[in-house]
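Residue 172 in numbering that gives the first Met the number 0 sits at position 173 of the sequence shown, with consecutive numbering throughout.
None of these hints come from the bench; they were simulated from the model. Note that beta-carbon positions come from the ideal geometry of N, C-alpha and C, so glycine has one too. Check before you lean on any hint, since a few could be wrong.
Label pairs and their in silico Cβ distance ranges [claimed, not checked]:
hint : residue 1 : residue 2 : range
1    : Leu161    : Gln87     : 23 to 31 Å
2    : Ala82     : Arg109    : 36 to 44 Å
3    : Pro29     : Gly110    : 40 to 48 Å
4    : Ala71     : Arg106    : 32 to 40 Å
5    : Arg78     : Pro25     : 37 to 45 Å
6    : Arg159    : Asp27     : 23 to 31 Å
7    : Ala71     : Ser40     : 37 to 45 Å
8    : Thr146    : Ile2      : 35 to 43 Å
9    : Cys4      : Ser40     : 20 to 28 Å
10   : Asp45     : Pro25     : 28 to 36 Å
11   : Phe66     : Leu11     : 28 to 36 Å
12   : Arg86     : Gln144    : 29 to 37 Å
13   : Leu141    : Arg103    : 33 to 41 Å
14   : Val41     : Asn74     : 33 to 41 Å
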Amino acid sequence: MGIICSCCEAALPSLAESRCQRCGEPLDDPSIDLCLRCGVSVHATDRIIVLGPYRGSWGALVRIFKFEKEVAVGNWLGRQMAATLMRQQELHHFDAVTYVPMTRKDRRARGFNQAEILARVIARQLDLPLKRLLTKSRNTRLQSQLTAAQRKTNLQDAFRLLPFDCERVLLVDDIFTTGSTIEECARTLKRGGAQTVVAAAIARA
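Whole structure, please, built from the sequences with the hints as guidance.
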């Protein structure tokens, strides 16, 4: 028996058809390709792929995975992301898959890094190497609870680069909220020599 029955899987909501081609933000005008933020700003991530909105079923599945420690649900979510990437020809030509790291303290408290589990499944499905390219050197506050000014310094120098020689990297996390964490990780990877960083997350909050 599968983790999610076929009826429930078919009922999982997707993002709006008209959305930003870089970050997935829903767009009111279907004639434009980028949202205002992506159109006027420079970003370290070249593209962000999400499966659906955090509100509702996708968010419930992520919470079951993270907080109830149902790793089988995480494995299922990873397979869904891999299938989405495989359906888009240009999105599975990577040198490696990596993930947003946690501090040792946070990892010990949870027992696992949810982004690493997702990344491992995706790498296996896409037949790509999983590489630990980043470490998190200090605790940070939740970006969603900070002002714009606080967000700029909260993640500064929080991630450290490990030696690598990958030009095209798929960066995995569980949730895309403000985008600041993924951006800081991508910025760090590009400082280390990555040419392309595509981010993948299960849900957009």
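Comparing the hints with the structure gives:
{"no.": "1", "hint": "Leu161 x Gln87: 23 to 31 Å", "in the structure": "holds, 28 Å"}
{"no.": "2", "hint": "Ala82 x Arg109: 36 to 44 Å", "in the structure": "violated, 26 Å"}
{"no.": "3", "hint": "Pro29 x Gly110: 40 to 48 Å", "in the structure": "holds, 44 Å"}
{"no.": "4", "hint": "Ala71 x Arg106: 32 to 40 Å", "in the structure": "violated, 20 Å"}
{"no.": "5", "hint": "Arg78 x Pro25: 37 to 45 Å", "in the structure": "violated, 25 Å"}
{"no.": "6", "hint": "Arg159 x Asp27: 23 to 31 Å", "in the structure": "violated, 40 Å"}
{"no.": "7", "hint": "Ala71 x Ser40: 37 to 45 Å", "in the structure": "holds, 38 Å"}
{"no.": "8", "hint": "Thr146 x Ile2: 35 to 43 Å", "in the structure": "holds, 39 Å"}
{"no.": "9", "hint": "Cys4 x Ser40: 20 to 28 Å", "in the structure": "violated, 41 Å"}
{"no.": "10", "hint": "Asp45 x Pro25: 28 to 36 Å", "in the structure": "violated, 20 Å"}
{"no.": "11", "hint": "Phe66 x Leu11: 28 to 36 Å", "in the structure": "violated, 19 Å"}
{"no.": "12", "hint": "Arg86 x Gln144: 29 to 37 Å", "in the structure": "holds, 35 Å"}
{"no.": "13", "hint": "Leu141 x Arg103: 33 to 41 Å", "in the structure": "violated, 19 Å"}
{"no.": "14", "hint": "Val41 x Asn74: 33 to 41 Å", "in the structure": "holds, 36 Å"}
In terms of the numbered hints stated before, the structure departs from hints 2, 4, 5, 6, 9, 10, 11 and 13, listed from lowest to highest.
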